[in-house]
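2 protein chains.
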Amino acid sequence: MIKIALVQINPIVGDLSENAKKITESIKTAKKKGTNFIVFPELALTGYPPEDLLLKDYFIKENIKFLNKIKKETTGITAVLGFVDRNKSKTYNSCAIVQDKKIIDIYHKLYLPNHGVFDEKRYFKPGKTLPIYELGNKKFTVTICEDIWTKKHQHRLKSENLDYIINISASPFSIRKLKQRKKILSSVAKFAKSFVFYCNLVGGQDEIVFDGRSLIYSPKGKLLKQAKKFSTDILYFNPDKYRQKSVKIKSNKIENIYSALSLGIKDYMHKNNFQKAILGLSGGIDSAVTLAIVAKSIGSNKVNALIMPSCYSSQKSLTDAVKICKNLGIKYYKIEIDNIFNNFNKNLKPHFKNLATDNTEENLQARIRGNLLMAFSNKFGHLVVTTGNKSEISCGYCTLYGDMAGGFGILKDVYKTSVYQLARFINKKNSKNIIPKSIITKAPSAELRPNQKDTDNLPRYSLLDKILHLYIENNLNLQEIIQKGFDQKIVKKIIKMVDSSEYKRRQSPIGIKISERAFGKDRRMPITNNFTG
Amino acid sequence: MIKIALVQINPIVGDLSENAKKITESIKTAKKKGTNFIVFPELALTGYPPEDLLLKDYFIKENIKFLNKIKKETTGITAVLGFVDRNKSKTYNSCAIVQDKKIIDIYHKLYLPNHGVFDEKRYFKPGKTLPIYELGNKKFTVTICEDIWTKKHQHRLKSENLDYIINISASPFSIRKLKQRKKILSSVAKFAKSFVFYCNLVGGQDEIVFDGRSLIYSPKGKLLKQAKKFSTDILYFNPDKYRQKSVKIKSNKIENIYSALSLGIKDYMHKNNFQKAILGLSGGIDSAVTLAIVAKSIGSNKVNALIMPSCYSSQKSLTDAVKICKNLGIKYYKIEIDNIFNNFNKNLKPHFKNLATDNTEENLQARIRGNLLMAFSNKFGHLVVTTGNKSEISCGYCTLYGDMAGGFGILKDVYKTSVYQLARFINKKNSKNIIPKSIITKAPSAELRPNQKDTDNLPRYSLLDKILHLYIENNLNLQEIIQKGFDQKIVKKIIKMVDSSEYKRRQSPIGIKISERAFGKDRRMPITNNFTG
Chain A
1 MIKIALVQIN PIVGDLSENA KKITESIKTA KKKGTNFIVF PELALTGYPP
51 EDLLLKDYFI KENIKFLNKI KKETTGITAV LGFVDRNKSK TYNSCAIVQD
101 KKIIDIYHKL YLPNHGVFDE KRYFKPGKTL PIYELGNKKF TVTICEDIWT
151 KKHQHRLKSE NLDYIINISA SPFSIRKLKQ RKKILSSVAK FAKSFVFYCN
201 LVGGQDEIVF DGRSLIYSPK GKLLKQAKKF STDILYFNPD KYRQKSVKIK
251 SNKIENIYSA LSLGIKDYMH KNNFQKAILG LSGGIDSAVT LAIVAKSIGS
301 NKVNALIMPS CYSSQKSLTD AVKICKNLGI KYYKIEIDNI FNNFNKNLKP
351 HFKNLATDNT EENLQARIRG NLLMAFSNKF GHLVVTTGNK SEISCGYCTL
401 YGDMAGGFGI LKDVYKTSVY QLARFINKKN SKNIIPKSII TKAPSAELRP
451 NQKDTDNLPR YSLLDKILHL YIENNLNLQE IIQKGFDQKI VKKIIKMVDS
501 SEYKRRQSPI GIKISERAFG KDRRMPITNN FTG
Chain B
1 MIKIALVQIN PIVGDLSENA KKITESIKTA KKKGTNFIVF PELALTGYPP
51 EDLLLKDYFI KENIKFLNKI KKETTGITAV LGFVDRNKSK TYNSCAIVQD
101 KKIIDIYHKL YLPNHGVFDE KRYFKPGKTL PIYELGNKKF TVTICEDIWT
151 KKHQHRLKSE NLDYIINISA SPFSIRKLKQ RKKILSSVAK FAKSFVFYCN
201 LVGGQDEIVF DGRSLIYSPK GKLLKQAKKF STDILYFNPD KYRQKSVKIK
251 SNKIENIYSA LSLGIKDYMH KNNFQKAILG LSGGIDSAVT LAIVAKSIGS
301 NKVNALIMPS CYSSQKSLTD AVKICKNLGI KYYKIEIDNI FNNFNKNLKP
351 HFKNLATDNT EENLQARIRG NLLMAFSNKF GHLVVTTGNK SEISCGYCTL
401 YGDMAGGFGI LKDVYKTSVY QLARFINKKN SKNIIPKSII TKAPSAELRP
451 NQKDTDNLPR YSLLDKILHL YIENNLNLQE IIQKGFDQKI VKKIIKMVDS
501 SEYKRRQSPI GIKISERAFG KDRRMPITNN FTG
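For the protein sequence lines, the chains are A and B, in the order given.
Using my numbering, read the first sequence as starting at 1 and increasing by one per residue.
Using my numbering, read the second sequence as starting at 1 and increasing by one per residue.
Rather than coming from a laboratory, the hints here were simulated on the basis of the structure.
All of these numbers come straight from a predicted model, not from anything done at the bench.
Mixed in with the good hints, there may be bad ones.
Anything over 10 Å on all C-beta distances counts as not near chain A; from chain B, calculated [said to hold, decoys possible]: (1) Y133; (2) K182; (3) L470.
In silico DSS-like pairs for lysine-lysine, Cα to Cα no more than 27 Å straight-line [said to hold, decoys possible]: (4) B:K353 - A:K331; (5) A:K521 - B:K90; (6) B:K65 - A:K489; (7) A:K245 - A:K190; (8) B:K56 - A:K379; (9) A:K493 - B:K56; (10) A:K151 - B:K65.
Where is the CB? At the ideal position from N, CA and C, for every residue including glycine.
All chains should be modelled from the sequences, with the hints used to inform the complete structure.
Here it is in structure tokens:
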């Protein structure tokens, strides 16, 4: 009789010894619960994605060493464990079947994703065989992530009359992913008339966040169990003792985004040994939401705010900035930048002579703020968290080395309209207006010149975000977007802004992917590019 | 009788109409010379690499439209032209064989590189067939870049008893590439007993530079002709009228690097519509060499220098900086930064209280300079060229948003020891000491604190560069490097510096690849990474 445990661990890329420790500890825990079959996610031993670490021979050798250490802990249990295999100088995304201290087989992933954020064909060769294993009188096989998403392979699985299909994954969170995942897994279970055990990684790794949420489906395609989301967990299950009752789990889009952002920043700080974070707080919605997310995920005592008003900052912004710090219990510093700004201008004046004030002076203010934040970062070792949202990063409505200065962007993949939704969600979740209502209701402004409004340069965000989504996520061109009922002049302007700010994005800090197409590894546009689509 | 022309053009990625124009103009020119067979490089129509433009349906449709326009210009001639084909929603890196206004066949690249800077499997499906064409009584085939590098395919080519093998390529320059290329092409020609016509792209595209240098080999493997390097060119050849005499072309490593850097910056500026460049000139070797390269490649009147001394700058540096401007005829501005620096410190003091001066203050100086440069860039529309070399970028011995601020890095992939070689090469080439001798002989210093020397933080460059090369280009680990006779403590320190400054490199401007492994698309390391190799 099989008693299965799906262990969604949170490894650190490259930290083989720590990851191996997490794995062996989970084996011990699961054993105590009477489990005889334990499943770990894709590349659980190395973390995902190891990227060019996979080009280092020594890295692969070390990961095999640790696999051999782990196998000694498998007395009385079968473990399915993701690692990197090497055979005759070929590298494979692999899964070891370990039983009673022996590696009884190694499966090589058949279908290698090389789209979106994935680069598996850069490193791995595809496997060739689909092994069928027996345990008692049950037949099972293992699949790795993309394998189970592949039509051809689904037919193969069906033809084998399996009892259990195991899928180990490193499937990153994005807004629509969960629905797709559930649809595929349920349909494969039903189609192949087999249980499906889906074990997913959890945790933040640079720009991606794995949401865990391992799943178990019945041979009729019903969802039987779901592991925690955005958290480590072990899912126990006995297929001989289950009641045919499907569970329904509600999922809220904004709550999911909030959780992904929280785990993303928490893990980035933890895994890179940052004790504290700092950010520039303007009194606007972006920095307010960012601060709330960071404070709530790592603790108010671990994040500081730097308020850096200029003569263009409104009194209201200043009051709001202080208010949110008080609401969250945040320590803040205040430095007025006019003095430094004037000093820069005085030095530049002889060279700029009679030239009019323009975005040079606006950017300069943003860059002075960037410098001050970096000074705090250098002096205290704090991580500078950036606050820019996807709408402005798309349009280049942001200053390189200014508000773009920092190590990690919380809202980089969150459109402005969703930032507002997050603000409301945060206030509701905490049953009080952590983010002052006036921040949510006032017209957005960069406050870099007198009476500036975002709408001076950009269309209103409700319109802008729709067009950006069609252009960036859906890859539509000018004509196709216009056909959806948008104004040609506006669409043209937006596309031009997006295309011509590629150089800024290339130097922007990494940030958490939550959409189907985030800036970063997910969207690779040339800077030098004369195509006008 | 075949009269061939290999046309190495310099397309702009995405600029389909301009590229098509270059192609049709070349056809006209070649026809006038009596050519009846004209060959263009890989993806000549779209430019290489189009990256995620290839995910836009509209882009592919447009490129096919232009192919159909070009075909109308092929009366009396056969053209072999690289473009992107689409068939049943599959995309192919392709080559059209166009004759007398008709597309007579389309070849799909068989072997897709997905290593180094290449991501072809992200976009393309591999072709399935190797077509053999006849022209008069001659048999020929086409191959695209990687095809001819593949052992299996070389055997296939041999078995076909071909007269002519055509290879259209987009092969980026790197120091060792030319030798490898010549070796492969010569051996294939000899092995298959066929002429090999190799037509390579030329020009800079973001971080890569194509060096042109198209080649023709005899069926005995002898090099018969070579097109210009780092320049557009047309190579004419009549295989029925050649003398079996191989040419020998000398190639100098530093000269090649110099040419690659020159073309890289020239094309980046031209293709992105920059009229002028500006850079920060310290009086040190890096900015001196950078200035000389930029001035010599785009013209002294198109680059300005900004000299930004502080109290830590030596009088000698200042004199040297002015001297090189005079030598090159460069307009320079001068802004002393102490005033701004003191102002920053005054504002930070209440928050830093009794804390000691450290790298915070050093970075601040660099960042003030970065801000000033960006102010000039914003005000005048100049491109800020960065001056950091590969040794310091490897070790993180550079300031994010400081000396790293800018759009394009000339020396990003050039180790410090090669920077010195470039300096000597430049002086020799120009028969005068454009770069003052004292710049070459003095000990390198960032001049950010009193009496600072690079060797305070780093080993001497002759040692450092050797270790960096083994770690970065050769992917060796600590033990393997030590075994080559280097000191454990030093190697360990260097590896740690390289690994822990990944976050800086991720935000650095792009720069020209000249090595076998440049920072950028060529080396993709996770930031969050606990592996200690």
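Point to revise | Pair hint outcome, K353 of chain B versus K331 of chain A [Cα-Cα no greater than 27 Å] | key: 16 Å, holds
Practice item. Could you check that no beta carbon of chain A comes within 10 Å of the beta carbon of K182 of chain B? Key: 26 Å, holds
Exercise for review: Confirm or reject the statement that L470 of chain B sits farther than 10 Å, beta carbon to beta carbon, from all of chain A.
Suggested key: At about 12 Å from chain A, L470 of chain B clears the 10 Å cut-off, so the statement holds.
Check your understanding: When you check the alpha-carbon spacing of K65 of chain B and K489 of chain A, does it fall within 27 Å?
Key -> With Cα atoms ~25 Å apart, K65 of chain B and K489 of chain A stay inside 27 Å; holds.
Review point. Holds or violated: K521 of chain A with K90 of chain B, Cα cutoff 27 Å?
Key: 22 Å, holds
Point to revise | Given hint K190 of chain A paired with K245 of chain A - CA-CA distance at most 27 Å | key: Within the cut-off at roughly 15 Å; holds.
Practice item. Mind verifying the non-interface call on Y133 of chain B? Its CB should be farther than 10 Å from each CB in chain A. Key: Holds, since 31 Å exceeds 10 Å.
**Study point:** 27 Å limit on alpha-carbon distance, applied to hinted pair K493 of chain A and K56 of chain B
**Key:** 19 Å, holds
Practice item. With a cut-off of 27 Å on the C-alpha distance, tell me whether K151 of chain A and K65 of chain B pass. Key: 33 Å, violated
**Study point:** Restraint status (C-alpha distance of K56 of chain B to K379 of chain A at most 27 Å)
**Key:** 46 Å, violated
Consistency note: the structure conflicts with the earlier hints numbered 8, 10.
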